[in-house]
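Please model the complete structure; the sequences and the hints are all you need to start from.
In the order they appear, the protein sequences are chains U and V.
Numbered as in the UniProt record's numbering, the first sequence ends at 459 without a single skipped number.
Numbered as in the UniProt record's numbering, the second sequence ends at 459 without a single skipped number.
Take these hints with a grain of salt, some might be off.
If several chains are the same, the list does not tell them apart, and a pair holds so long as it fits within one copy or across any two.
[As the list claims (entries may be wrong)] Lysine-lysine pairs mimicking BS3-like chemistry, simulated, CA-CA at most 25 angstroms apart: (1) Lys273 <-> Lys297; (2) Lys418 <-> Lys114; (3) Lys341 <-> Lys299; (4) Lys107 <-> Lys418; (5) Lys108 <-> Lys418; (6) Lys197 <-> Lys114.
No lab work stands behind these hints, which were simulated from the structure alone.
There are 2 protein chains.
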Amino acid sequence: MSVVEARSGEAVGQEIEIRGWVRTRRDSKGGFSFIEVNDGSCLSNLQIVADAALENYQTEITSLSVGSSIVAQGVLQASQGQGQATELAATSVRLLGDAPSDFPLQKKRHSFEKLREWAHLRPRTNAFGAVARVRNCLAYSIHQFFQEERFYYVNTPIITASDCEGAGQMFRVTTLPLDQVPLKDGKVDFAKDFFGKASYLTVSGQLEGEIYATSLGRCYTFGPTFRAENSHTSRHLSEFWMIEPEAAFFDLSDNMALAERFIKRLLTDVLSKCAEDMKFFDERIQPGVLAALTTVKEKPFQHMSYTEAVDILKNSGEKFEYAIDWGADLQAEHERYLTEKHVQGPLILHDYPKSIKPFYMRCNEDDRTVAAMDVLVPQVGEIIGGSQREERLDILLERMQQLGLSQEEYWWYVDLRKYGSVPHSGFGLGFERLVQWVTGMTNIRDCIPFPRTPGSAEF
Amino acid sequence: MSVVEARSGEAVGQEIEIRGWVRTRRDSKGGFSFIEVNDGSCLSNLQIVADAALENYQTEITSLSVGSSIVAQGVLQASQGQGQATELAATSVRLLGDAPSDFPLQKKRHSFEKLREWAHLRPRTNAFGAVARVRNCLAYSIHQFFQEERFYYVNTPIITASDCEGAGQMFRVTTLPLDQVPLKDGKVDFAKDFFGKASYLTVSGQLEGEIYATSLGRCYTFGPTFRAENSHTSRHLSEFWMIEPEAAFFDLSDNMALAERFIKRLLTDVLSKCAEDMKFFDERIQPGVLAALTTVKEKPFQHMSYTEAVDILKNSGEKFEYAIDWGADLQAEHERYLTEKHVQGPLILHDYPKSIKPFYMRCNEDDRTVAAMDVLVPQVGEIIGGSQREERLDILLERMQQLGLSQEEYWWYVDLRKYGSVPHSGFGLGFERLVQWVTGMTNIRDCIPFPRTPGSAEF
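Put into structure tokens, the structure is as follows:
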């Protein structure tokens with residue numbers, strides 16, 4: 001039986017077996033040992049009460065160390081202790097694997113920085129166990145949401161010869177011998193590389209997602225994406241997971257409504273299914289996170305055009321580090337002012353200047369804005385970015401030409417506009433940013449099991 | 001409304017709107033056009049009946065071409081035609097995007113090889129629409145199964161500096177300039193590369209999965225993995241998705257039971273939820289596939305040791321291309337004989353010779369076999385491979401030494417045995433092999449949206 005089942009109390013009075021890792025052991029003078037055991041099924045431990053009368057009490061139980069693994073049998077009882085509903089009155093406690101005194105996770109607290117060096121052990125701590133459970137809950141909730149909305153899960157390629165319009169710097173993928181790279185006319189001869197051409201790790205599955213949206217109607221990706229930028233911030237990873245839904249016949253307003261239903265559903269699930277873990281984050285990691293998420297869950301998302309937003313910022317009387325003028329990209333400080341102070345809740349900004357957005361976004365009638373949208377939430381700023389896509393062949397080609405993009409390279413993307421083109425829209429959500437927002441963890445490196453950042457690919 | 005909803009018949013008599021792509025159009029002499037529309041929500045089309053009385057009948061409807069996108073409104077009616085329950089009596093049919101006559105997917109059939117060059121359009125065909133829906137169904141079923149069994153979804157790293165004990169050749173990931181690779185003492189200076197050391201694309205998430213199993217109890221991965229082998233077969237991809245569950249306190253027998261529940265659950269879901277698509281595969285792609293899958297779904301998985309299997313093969317009287325002797329790896333022909341002819345159903349082989357299996361598999365008492373298992377199914381052979389893992393520190397270290405593996409490089413994997421080690425087990429399933437088996441598609445390149453193979457990374 002798992003600890004979470006044992007703690008539910010349904011099995012009180014029954015003989016059960018518990019298997020897990022010792023978090024603490026305390027021996028009373030009265031000839032009892034109290035062993036707190038965790039098995040990862042929930043944040044809380046189950047207390048095992050071992051009587052000195054047990055056969056191996058002196059030889060084994062009184063020397064059980066922090067981090068060792070045990071299997072215990074006994075009768076589950078309603079507990080007299082505070083803060084726990086049940087405890088196990090052991091009839092047997094057996095050591096499976098001990099943990100010598102150099103086990104790093106002793107009772108002493110360690111910084112999250114230090115724990116990153118022990119990424120193989122940190123999921124045995126309260127905080128990282130909770131992050132892992134919340135992450136799992138959100139991932140499954142994402143699949144459930146899209147399946148219920150009849151979106152198909154599609155796996156877009158990881159290795160690619162396209163570059164999704166320079167969304168970021170890319171990692172090269174190669175099998176060429178680096179100490180003897182074949183050259184031709186003084187340049188690298190990629191014809192000799194594995195794929196016969198230069199290839200990279202994807203920065204986005206959106207363009208390929210559009211292929212499936214314009215054939216199956218609705219699809220979503222949920223897979224790893226990569227950025228080779230040399231960023232050392234608490235908000236950037238070199239490898240992260242992204243969710244990118246794409247839907248035919250959705251205009252920008254359908255897209256905004258989808259994003260709102262999506263975020264509300266994720267929050268509803270995580271607040272109800274991970275209540276204990278979320279309470280932990282609220283108490284120990286970021287006080288107020290529960291209230292902040294509840295606000296977003298309950299408040300209707302306000303809509304505001306970029307142009308309105310610029311006016312509001314200009315008239316706000318606030319001192320911003322970066323000046324704001326129509327045509328400039330909004331900075332985090334601007335986004336946070338709008339969502340935290342101005343609307344005090346979730347906000348969708350839409351219709352951004354064409355000049356600061358990628359080629360595939362749909363041009364509006366005014367010819368200076370595109371049908372883009374960003375979802376902003378308090379404390380974090382942008383959490384989702386998306387748009388209606390340009391489905392008109394002539395306008396797309398003109399825009400590509402203006403930006404110097406090769407029609408030949410994007411031949412298949414152009415084809416989607418040539419053959420049975422339809423209006424369609426989609427957005428992207430960075431999964432670790434979502435986990436960071438929901439848990440309130442300070443550093444995004446603590447929101448993914450094995451973070452990849454410049455200089456770091458251990459494990 | 002989607003075509004699948006319209007075809008269900010629940011909305012007969014109602015005004016509805018349908019949006020999709022024209023598969024065929026036929027004009028009757030009586031002044032009607034019959035337009036077959038597909039929107040990807042199911043294999044079948046919905047027939048739209050457009051009356052010559054419609055305003056744009058002559059100008060637009062009678063020239064609607066294959067592949068164009070339309071939106072149609074009208075009243076859903078019970079159909080008099082054969083093979084369709086409902087049809088739409090249109091009050092309006094409007095062209096969204098036309099498809100010129102060079103649209104590649106005209107009525108003429110194309111080979112799957114040819115369609116691979118049009119991977120951006122092939123999901124608009126019956127076969128690839130069906131593959132996409134089955135793939136989606138299986139992916140979601142995998143998540144549902146593991147979530148219900150209380151396994152946590154965990155994302156193991158894609159970029160890695162470890163190599164999971166040479167499970168295959170690896171792609172290098174780098175940001176070094178290939179035409180000017182920095183050298184130090186005549187060797188590539190990986191200290192100057194992005195991660196400060198040589199790094200690769202993962203071949204398996206198992207070792208990292210073990211980290212989460214030995215902290216959270218049960219976990220599974222479902223993510224992309226890579227092989228840089230120069231394989232040009234119908235069963236190999238350079239990029240494929242893999243599912244790898246790992247569970248603490250599971251021995252080999254728990255592991256085999258998990259694999260059996262897992263496969264039966266996937267087949268149950270796909271046969272019921274994708275009944276129409278599966279009927280298509282049975283009729284058009286691989287006659288008999290339904291019966292074959294139903295057998296595996298219903299028959300208990302037999303268990304047989306490798307040693308027994310070798311005896312059976314030796315005494316079979318069959319002529320095999322590869323000789324069989326205790327200690328040699330089984331070939332596909334041997335596996336297929338065992339599952340197709342000998343047991344005539346699903347089979348789990350277990351306890352393979354130590355010498356042909358990786359270092360992490362648990363040594364048996366006999367000291368010449370390990371607690372490995374392979375799940376074999378008729379027509380395909382091996383579909384799952386797994387094992388109980390070696391949890392005993394001394395035996396693991398001895399085995400690593402024998403195989404020349406560096407204890408320093410695997411320091412964190414060794415730590416899992418040093419601190420609170422527990423028995424644990426897991427297995428791996430290649431997702432595209434599963435899709436190939438379930439759909440009966442001949443080539444695995446047709447079982448993933450955008451196949452990556454030597455010389456090919458288009459789209």
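Checked hints:
1. Lys273 <-> Lys297: Classified as within; 15 angstroms inside a copy, 32 angstroms across copies.
2. Lys418 <-> Lys114: between (55 angstroms within a copy, 20 angstroms between copies)
3. Lys341 <-> Lys299: within (15 angstroms within a copy, 63 angstroms between copies)
4. Lys107 <-> Lys418: Answer is between: at 18 angstroms across copies they meet the 25 angstroms cutoff, but 64 angstroms inside does not.
5. Lys108 <-> Lys418: between (64 angstroms within a copy, 20 angstroms between copies)
6. Lys197 <-> Lys114: For lysine 197 and lysine 114, the Cα distance is within 25 angstroms only across copies (21 angstroms; inside one copy 41 angstroms).
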